[in-house]
Amino acid sequence: MLEARALDYGYRGRPIGRDLNLSIANAEAVCVLGPNGAGKTSLFKTLLGLLPPLGGEVLLDGRDVSALSQREIARKLAYVPQAHASFFPFTAADIVLMGRAARVGLTDAPREVDRAAAHAALTKLRIAHLASVPYTRISGGERQLVLIARALAQDPRCLIMDEPTANLDLANQTRVLEVIADLTAEGLSVLFSTHDPDHAFACAACVALMREGAIVAVGAPDDVINAAALRSLYDIDVDVLQISVDGRKMCAPVLRKRGRRDGP
Amino acid sequence: MSSLRVTKAWTPSAILVALVLLSFTLGKYAIAPADIARAFWSALTGAPSGLPRAVETVIWEIRVPRVLAALIIGAALSAAGATYQGLFRNPLVSPDILGVTAGASLGAVLGIYFALPVLAIQVLAFAGGLAAVTLVYAIGATVRAHDPVLALVLAGIAIGALLGAFVSLIKTLADPYNQLPAITYWLLGSLSAITRGDVISVLPAMALGLAPLFLLRWRMNLMSLDDEEARALGVNTKALRAVLIAAATLMSAAAVSISGVIGWIGLLTPHVARALVGPDFGRLLPASILLGGGGLVGVDLIARNAASIEIPLGVLTAGLGAPFFLYLLAHAARGWR
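Read top to bottom, the protein sequences are chains A and B. Take the first sequence: its position 255, counting from 1, is numbered 255 in the numbering used here, and each next residue is one higher. Take the second sequence: its position 321, counting from 1, is numbered 321 in the numbering used here, and each next residue is one higher.
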């Protein structure tokens with residue numbers, strides 16, 4: 001579906017990563033895990049065609065992304081940015097409708113089919129009641145769901161989500177993880193980044209560990225996420241446990257005892 | 001709710017019609033509403049109006065061109081303001097953010113300094129406005145910035161200041177008895193010397209500017225998103241921004257070229273429009289046009305009638321606009337944030 005081959009990415013004069021390989025299969029959720037500044041957001045922007053690759057290539061359904069127009073990319077690949085403030089009080093329905101831009105003619109207004117798609121996306125995320133509420137007046141969690149709904153209204157094959165659980169409370173984080181699991185069950189691919197390794201266990205088939213612009217390990221979460229890997233990634237001790245309810249694993253950082261911490 | 005919506009949607013139109021009718025009758029030379037009706041009826045049917053020649057002249061050579069000019073200029077500045085506010089994702093942006101006013105001012109001031117005829121001054125103002133924005137756009141596009149919108153705004157501020165310095169320089173060089181008053185007057189804006197020819201001459205530029213704004217009205221909404229976000233949604237932001245800036249600049253340069261500098265209208269009326277009809281550009285554009293047109297007709301009405309001499313429009317728009325702006329700020333009207 002989406003593949004990076006020998007990708008050099010970053011900004012001219014400030015390369016971030018070299019020779020990176022990553023592939024996202026159909027109906028698969030891939031989780032990117034890495035500390036702040038590992039290059040996750042820049043990698044996502046390069047995959048989306050927003051940042052030109054410095055070398056190598058990004059293939060979307062076998063076609064080089066740099067040869068495609070933003071409109072062509074947007075029909076297959078949707079971007080869910082981190083929930084942000086809006087500058088103007090567009091309603092949630094207006095925002096979701098914007099997801100139809102790649103399917104609406106240049107000088108056209110959205111048609112009934114577009115409104116229906118927007119409404120279906122809102123309904124799917126169970127936020128149809130927010131449709132006429134200004135985006136500026138809803139909570140951060142609701143905004144994140146609205147942005148996911150907008151991505152779905154795009155009718156894409158793959159969603160790229162930049163830290164979709166950041167700044168959300170526990171309930172909204174869980175909702176977002178459930179949505180990711182649902183989408184892959186329905187045949188969509190999802191690439192998302194997170195700071196919580198538990199999210200990879202919860203809904204990803206594959207996890208890529210990133211450090212300093214490079215992918216240092218990739219594979220099934222059960223195989224890749226272990227104490228040694230997390231130590232090399234974050235430089236902390238983590239206990240990886242099996243939880244009893246649904247058998248998935250969870251990570252518990254080990255707090256250093258007083259006196260073992262760095263500094264005086 | 002829905003009846004409120006309808007009321008709100010009709011408010012701008014009703015205000016506009018009332019102001020235009022009032023403007024035809026009031027002035028140094030008051031004309032009875034019945035006489036106005038008679039003159040229009042005769043123009044439509046060809047039947048003799050039976051009005052004195054002087055009344056006919058005031059109506060057709062002075063009142064009508066002036067009211068039409070106020071309408072068009074207010075509408076143009078307001079439409080440009082609504083566009084720029086969306087493009088720059090900031091409700092506090094006015095049409096001169098990219099230097100259109102500063103460029104037009106330098107053009108006009110040069111024209112006045114070299115004692116050129118009125119038409120040449122207008123052409124210079126128009127060209128100056130377009131040239132300034134083109135320069136700002138070129139600089140903004142050349143600078144490789146993380147945020148292309150911010151690069152444009154900063155370039156606009158710098159070029160605006162530079163052009164302002166040239167205007168000040170010419171003011172110090174100008175003849176203080178003949179030229180300086182004319183320059184000052186131009187920089188404060190006025191419709192007192194507007195002719196029918198002026199109005200007609202700016203119509204093509206206005207139409208040319210308005211057409212893309214109207215055609216791209218839905219897509220315009222996407223331009224108020226973060227640049228990368230809009231691109232990820234499939235929008236060619238670079239091309240679209242260039243077209244929208246060109247359109248808004250064309251309209252404001254044409255407006256300023258015949259009226260001089262009129263501030264505040266383009267900043268304030270899109271605000272009020274947004275509070276009335278919401279941020280969707282499909283509704284915001286017509287509402288801004290109606291309110292801007294009506295607003296300037298209203299302000300010009302005051303300029304002509306409030307005192308024994310004409311009050312410069314720039315003085316009035318600032319005098320009325322700034323307190324109104326502060327009122328909006330204090331009350332944080334809907335559409336503000």
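No wet-lab data here; the hints were simulated from the structure. Be aware that one or more of the hints could be misleading.
Claimed, not checked - Computed list of lysine to aspartate or glutamate pairs in EDC-like fashion (alpha-carbon distance at most 20 Å, straight line):
(1) A:Lys76 with B:Glu229
(2) A:Lys45 with A:Asp8
(3) A:Lys45 with B:Glu228
(4) A:Lys124 with A:Asp182
(5) A:Lys45 with B:Glu229
(6) A:Lys45 with B:Asp147
(7) A:Lys257 with A:Asp237
(8) B:Lys238 with A:Glu72
(9) A:Lys45 with B:Asp280
(10) A:Lys76 with B:Asp147
(11) A:Lys45 with B:Asp175
(12) B:Lys238 with A:Asp108
(13) A:Lys45 with A:Glu212
(14) A:Lys76 with A:Asp114
Comparing the hints with the structure gives:
| no. | hint | result |
| --- | --- | --- |
| 1 | A:Lys76 with B:Glu229 | 15 Å, holds |
| 2 | A:Lys45 with A:Asp8 | 13 Å, holds |
| 3 | A:Lys45 with B:Glu228 | 9 Å, holds |
| 4 | A:Lys124 with A:Asp182 | 10 Å, holds |
| 5 | A:Lys45 with B:Glu229 | 10 Å, holds |
| 6 | A:Lys45 with B:Asp147 | 14 Å, holds |
| 7 | A:Lys257 with A:Asp237 | 12 Å, holds |
| 8 | B:Lys238 with A:Glu72 | 16 Å, holds |
| 9 | A:Lys45 with B:Asp280 | 28 Å, violated |
| 10 | A:Lys76 with B:Asp147 | 25 Å, violated |
| 11 | A:Lys45 with B:Asp175 | 58 Å, violated |
| 12 | B:Lys238 with A:Asp108 | 19 Å, holds |
| 13 | A:Lys45 with A:Glu212 | 16 Å, holds |
| 14 | A:Lys76 with A:Asp114 | 16 Å, holds |
Checked against the numbered hints above, the structure violates hints 9, 10, 11; every other hint is satisfied.
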